[in-house]
Amino acid sequence: MKKWTSLLLAALLVLAMFATASADTIALTVWGAELDQNFIAERVEAFKALYPDQTFEIQIGVESESTAKDTVLTDPTAAADVYNFASDQLTQLVEAGALINLDSDYGQALQLANRSIDDVKAENVPASIDGATKDGKLYAFPNSFDNGYFLFYDSTVFSEDDVKSWDSLLAAANEKGAGRKVGMTLASGWYNAGFFYGAGFTTGLNDDGITTMDWNGTSPDGVTGVQVVQAMLKIASDPAFMAIADGDISNQIASGNLCAVVSGTWDATAVQTAFGDGYAATKLPTYMAGDKEIQTGSVGGGKLTGVNGFSKNAGWAVVLADFLTNEESQARHFETNEIGPSNIVAQGNPAVGENLAIKALGEQSAYAVIQTVGGKYWDATGSFGEQIAQGTIASDDASVQAALDALVEGVTAAIE
Amino acid sequence: MTQTIKPRMSAKKRTSIVLHNALIAVLAFIWLIPIIWLVCTSFSAYDGINTSTFFPTQWSASHYVELFQVDTVNQFPTWFMNTFKIACASCVISTCFVLMVAYAMSFGKFKARKPLMNVAVMLNLFPGVLSMIAVYFTLRTFGLTNSHLGLTLVYSASAGLGYLICKGFFDTVPRALCEAARIDGCSEARIFWQIVIPTSRPIIVYTIINSFLAPWMDFVFAKMILNAGISANYTVAVGLYRMLDKSLINQYFTFFCAGGVLVSIPISALFFIMQKFYVEGITGGAVKG
Amino acid sequence: MKKIVSSIGGFFSAIGRFFGEFAEALAKGDAFVKLTLLWWGAGYVKRKQYAKALLMTLLEIAVIAFTFGFAMQYVPKFGTLGTVQAEQTFNIATMQTEWNDYDHSFLILLFSLFSFVVWAAALAVLMRNVVAVYRLQQQAERGGHINTFREDMHRYIEDKFHITLLSLPVLGITVFTVIPILLLIFVAFTNYDQQHMPPNSLFTWVGFANFKNLLGGGGMTATFGYAFARVLGWTLVWAFFATFTTYIGGIMLSMLLNSKKTRLPKLWRLLFVITIAVPQFVSLLLVRNFFSNGGIVNTFCANIGLTGFLRNAGLINTSYIPFLSAPGWAHVMIILINIWIGVPYQMLIATGVLMNLPADQLESASIDGASKWQSFRHITMPYLLFVTGPTLVTDFVKNINNFNVIYLLTQGVYTTTNQAMANSQAKEVDLLVTWLFTLTQDYYNYKMAAVIGIMVFLVCAVFTLVAFNFLISGNKEAEYQ
Numbered sequence: 001m002k003k004w005t006s007l008l009l010a011a012l013l014v015l016a017m018f019a020t021a022s023a024d025t026i027a028l029t030v031w032g033a034e035l036d037q038n039f040i041a042e043r044v045e046a047f048k049a050l051y052p053d054q055t056f057e058i059q060i061g062v063e064s065e066s067t068a069k070d071t072v073l074t075d076p077t078a079a080a081d082v083y084n085f086a087s088d089q090l091t092q093l094v095e096a097g098a099l100i101n102l103d104s105d106y107g108q109a110l111q112l113a114n115r116s117i118d119d120v121k122a123e124n125v126p127a128s129i130d131g132a133t134k135d136g137k138l139y140a141f142p143n144s145f146d147n148g149y150f151l152f153y154d155s156t157v158f159s160e161d162d163v164k165s166w167d168s169l170l171a172a173a174n175e176k177g178a179g180r181k182v183g184m185t186l187a188s189g190w191y192n193a194g195f196f197y198g199a200g201f202t203t204g205l206n207d208d209g210i211t212t213m214d215w216n217g218t219s220p221d222g223v224t225g226v227q228v229v230q231a232m233l234k235i236a237s238d239p240a241f242m243a244i245a246d247g248d249i250s251n252q253i254a255s256g257n258l259c260a261v262v263s264g265t266w267d268a269t270a271v272q273t274a275f276g277d278g279y280a281a282t283k284l285p286t287y288m289a290g291d292k293e294i295q296t297g298s299v300g301g302g303k304l305t306g307v308n309g310f311s312k313n314a315g316w317a318v319v320l321a322d323f324l325t326n327e328e329s330q331a332r333h334f335e336t337n338e339i340g341p342s343n344i345v346a347q348g349n350p351a352v353g354e355n356l357a358i359k360a361l362g363e364q365s366a367y368a369v370i371q372t373v374g375g376k377y378w379d380a381t382g383s384f385g386e387q388i389a390q391g392t393i394a395s396d397d398a399s400v401q402a403a404l405d406a407l408v409e410g411v412t413a414a415i416e
Numbered sequence: 001m002t003q004t005i006k007p008r009m010s011a012k013k014r015t016s017i018v019l020h021n022a023l024i025a026v027l028a029f030i031w032l033i034p035i036i037w038l039v040c041t042s043f044s045a046y047d048g049i050n051t052s053t054f055f056p057t058q059w060s061a062s063h064y065v066e067l068f069q070v071d072t073v074n075q076f077p078t079w080f081m082n083t084f085k086i087a088c089a090s091c092v093i094s095t096c097f098v099l100m101v102a103y104a105m106s107f108g109k110f111k112a113r114k115p116l117m118n119v120a121v122m123l124n125l126f127p128g129v130l131s132m133i134a135v136y137f138t139l140r141t142f143g144l145t146n147s148h149l150g151l152t153l154v155y156s157a158s159a160g161l162g163y164l165i166c167k168g169f170f171d172t173v174p175r176a177l178c179e180a181a182r183i184d185g186c187s188e189a190r191i192f193w194q195i196v197i198p199t200s201r202p203i204i205v206y207t208i209i210n211s212f213l214a215p216w217m218d219f220v221f222a223k224m225i226l227n228a229g230i231s232a233n234y235t236v237a238v239g240l241y242r243m244l245d246k247s248l249i250n251q252y253f254t255f256f257c258a259g260g261v262l263v264s265i266p267i268s269a270l271f272f273i274m275q276k277f278y279v280e281g282i283t284g285g286a287v288k289g
Numbered sequence: 001m002k003k004i005v006s007s008i009g010g011f012f013s014a015i016g017r018f019f020g021e022f023a024e025a026l027a028k029g030d031a032f033v034k035l036t037l038l039w040w041g042a043g044y045v046k047r048k049q050y051a052k053a054l055l056m057t058l059l060e061i062a063v064i065a066f067t068f069g070f071a072m073q074y075v076p077k078f079g080t081l082g083t084v085q086a087e088q089t090f091n092i093a094t095m096q097t098e099w100n101d102y103d104h105s106f107l108i109l110l111f112s113l114f115s116f117v118v119w120a121a122a123l124a125v126l127m128r129n130v131v132a133v134y135r136l137q138q139q140a141e142r143g144g145h146i147n148t149f150r151e152d153m154h155r156y157i158e159d160k161f162h163i164t165l166l167s168l169p170v171l172g173i174t175v176f177t178v179i180p181i182l183l184l185i186f187v188a189f190t191n192y193d194q195q196h197m198p199p200n201s202l203f204t205w206v207g208f209a210n211f212k213n214l215l216g217g218g219g220m221t222a223t224f225g226y227a228f229a230r231v232l233g234w235t236l237v238w239a240f241f242a243t244f245t246t247y248i249g250g251i252m253l254s255m256l257l258n259s260k261k262t263r264l265p266k267l268w269r270l271l272f273v274i275t276i277a278v279p280q281f282v283s284l285l286l287v288r289n290f291f292s293n294g295g296i297v298n299t300f301c302a303n304i305g306l307t308g309f310l311r312n313a314g315l316i317n318t319s320y321i322p323f324l325s326a327p328g329w330a331h332v333m334i335i336l337i338n339i340w341i342g343v344p345y346q347m348l349i350a351t352g353v354l355m356n357l358p359a360d361q362l363e364s365a366s367i368d369g370a371s372k373w374q375s376f377r378h379i380t381m382p383y384l385l386f387v388t389g390p391t392l393v394t395d396f397v398k399n400i401n402n403f404n405v406i407y408l409l410t411q412g413v414y415t416t417t418n419q420a421m422a423n424s425q426a427k428e429v430d431l432l433v434t435w436l437f438t439l440t441q442d443y444y445n446y447k448m449a450a451v452i453g454i455m456v457f458l459v460c461a462v463f464t465l466v467a468f469n470f471l472i473s474g475n476k477e478a479e480y481q
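The listed protein sequences derive, respectively, from chains C, L and W.
Residues in the first sequence are numbered consecutively from 1, following the numbering used here.
Residues in the second sequence are numbered consecutively from 1, following the numbering used here.
Residues in the third sequence are numbered consecutively from 1, following the numbering used here.
Do not take every clue at face value.
[What the hints assert, rightly or not] Capping the alpha-carbon separation at 25 angstroms, the derived lysine-lysine pairs in BS3-like fashion look like this:
(1) C:K121 with C:K164
(2) W:K398 with L:K223
(3) W:K28 with L:K12
(4) C:K292 with C:K164
(5) W:K46 with W:K160
(6) W:K34 with W:K46
(7) W:K48 with W:K160
(8) L:K109 with W:K160
(9) W:K28 with L:K276
(10) C:K359 with L:K246
(11) C:K121 with C:K134
(12) W:K372 with L:K13
(13) C:K176 with C:K134
(14) W:K48 with W:K28
(15) C:K121 with C:K137
(16) W:K28 with W:K46
(17) W:K372 with W:K261
(18) L:K85 with L:K223
(19) W:K160 with L:K111
(20) L:K13 with W:K266
(21) W:K261 with L:K276
(22) C:K292 with C:K137
(23) W:K398 with L:K114
(24) L:K13 with W:K260
(25) W:K266 with W:K372
(26) L:K114 with W:K46
(27) L:K276 with W:K48
(28) W:K261 with L:K13
(29) W:K398 with L:K12
(30) W:K261 with L:K12
None of these hints come from the bench; they were simulated from the model.
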């Protein structure tokens, strides 16, 4: 009996809360990474100042971009109205209805700010817009475009010629590295896919959520997947190469074990501290697949700001999301956190151009692809990379082909 | 056991004592290595993980000081108070529930007793993490997610299921005592309050410690229920766990260690004070459990 | 086995008795007893127990209000788990989203179960009520004393005290354990996964499809079944070693500490206990960094040349020792680290038990000239086994469900090199519980997680049944009682 009285009470309480909250105040929540909290707070204040007629109640919460998907998908109705996430999560978030389609009526909310979705598309670099687009529709606002990897190296160890190919890089590290190694994460489908993308292989996603993958065949460039894996095995087995677990990179950089490392802008400060005056960055090296020299590709992407499909005040959420990702905000974000902008004007800022890491990312971006994959992709490719890192795949053609077939079978399996 | 060594002790015996204690010392040392590393690292001046040397290259207590200076990532004092509140509340509720169920199951003579006990055994065989999502939605229905009340309920509402050890202890309480009281006209409630509870100090202490500890240790449920991203709402476990996020670990690992040490101190003290009761409590229950 | 069969039998015969009493009351009761079926307070009014009548009437109103105000929104949809897909439109005038009245499959399932439980409870109350009213009638016919409300209430601290004690805890267990478990059992028969996640999509019943999926059958099942077998195997191996190593280690340590030769036993004990006092998410994450591929132990091993030695010996083919990142290594390390975590706890238990050891037996044994080993083997050990035998069984079950140790040590650092397992999101070091946790947290594959959860239950249940039969009933109970 007690249960039901308390249920009634609770229900009344919830009703009362809704009743008071909806009276003209516009309640919104925003989620961003821990280190962006101050930046977001500052921009939210600026936003409020822009619309003095409205009463906002904007709450800022912590959720890193890399884990946003996990929290949002568990219960989208409880997630923030506006949240930041990494572009590779877009597909799953859209499928769960956790992002609104900006190319629909929702986009018109921007009229309030005398803007339109087309402005957004024009102001940001096309690749960042591609990363926020699914099936031809824009689902989020790009807020940065620096979520890619390239090569950091210590210029006191390597010359500019050394870093052009993996062979010369590893040879130089063996020779002059004094025990310091060349590090890269292999046990992650985000990093190891770069070798395949560089050789012209692709991944994709069908409407039913099944990932497509052609890595066990021959690419349009005439390279076989077997050759790519054999090249990777050769790199991984080099004494100067160190395969690093995904979460361990910044730690390895900081501990001074590395003289070159494949990572991204988020590690720039750590690398700078570790390499000191030798700090340098460039695009990824090339590798030899059979007798072809291939530029290692990479996955490009950025952080996006989306509006929750279950947001009540979606209109204002769209306006706020647009504001948090506009030119001014992105420029400010670069100033406070050295986040590389996706906004074309903000990119033109000379300080951005001088940033070594962002410059190297720009060089690499010609070989970067937007990665579209489904849920089955990650564990399978992670395991595949780890097998290469530990050398558990024999390098003869038949074994490699068998391993690749098993990988493709797993990645392209139906979602049960 | 006295600490004076008898003067006439033979040399052989003395060596055996020395060897015996040396063995214990070696074992204790092995057991404490990670703890020593935790304490040392927490006094490091360096922010990230030290992988090359056991002892920090530069000592400093600055992270303890900074732990109490709140920033956007670290709100340790708030987390500590949150956890403390939740731990106290859930401790009271769980202890009451456990004692109530244990008493009913040990002293009660009702028909449903056996079936209920069998159901409890079955329920304990299901993995708890499985039911998380259902618990989450139940709490959400009552508007209790992102609230400390909700979290308290998660830790304490099902506490009654853990009655078995306590029941075992109650089984050892002499029945003659209760019979005598019953003849004197005591109600069941008074027997429970005035006879059984006072003789059960060890098991009560055991129950209190166990239920007090749960909120300090759990991060899985807490993370799921405190999902609004308001870090001022976190418990210590969730807050510290987040410091190990890829993007933060290099700046916050030492904070994590310092926080871990600060959490462990009161718990160790609790264990030290309660050691005797704790031992008696577990075994009193286990003997007959 | 007999014990369990008889307890199950007892359960059903108790239910049978309950229905029998109800039928009898209904058949032999007067009009007011029969009216009680409709108006719960009727029988009490007749016997002038107005307070009780009022309470029952209020309860009845509450149940009716619950049924029509809440349950009927969900229960009718239980068969389909909802048919109306969520659709939203944006109202530019209010700047707000407007939804249709969509169905949320998960909430339909949850609240339907909730309603079933409430109705079952209400039915039980009603039936008891009829019986109670009939008893009152008999009492009145015999001209006996009819309790006043105060007297009735007083019974709740007397012969009905157990009801007072149990009501709140049982309510808590029902809401936070029973209903969630029932729910997940039902989910095992639906297609609740990432393609069918409410609120954006609906899920529905699929019968035994998921079980077929796991145990071999259709399409991609080969790997799921394979992963299940591997994970189950390791779960059992782990539970066995985790239970016995810490158990034996705990006894040995406590005997070491309780020996007369030990100086300052309390202090030593505390030093060991500190490892329990540090929260596991701190101590285990720390140990994990301690043994990580680039961690301090690896640096140390490389410096003293152990890594090179192992590499030359062909035991490892990496530049580090994969303590927690390769199968075999990780399995052994996890069990070792668990010893570190678990032994102090078992030591505390064993210490307490040893304190209660029947001293006279030991004394007489030593007078008879028994060696220390003999008295340990024939007196201490059997006693310990008898006393802690049941906890050994429950520890085994706890270890099957030991989420923390495995999750904290391997999450994010262990990548499997077994493609078939990776394709089912499993790892060689996963227990069934950590696997199902990954499936729900990272892949939202609730249906398979639920199936695995049921499997965990079955494994534990079978083990408990067998163990209790062999270990407990096979023991010589009389000896120590």
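>> Hints numbered earlier in the text: which of these fail when held up against the supplied structure?
In response: 1, 3, 9, 13, 22, 26, 27, 29
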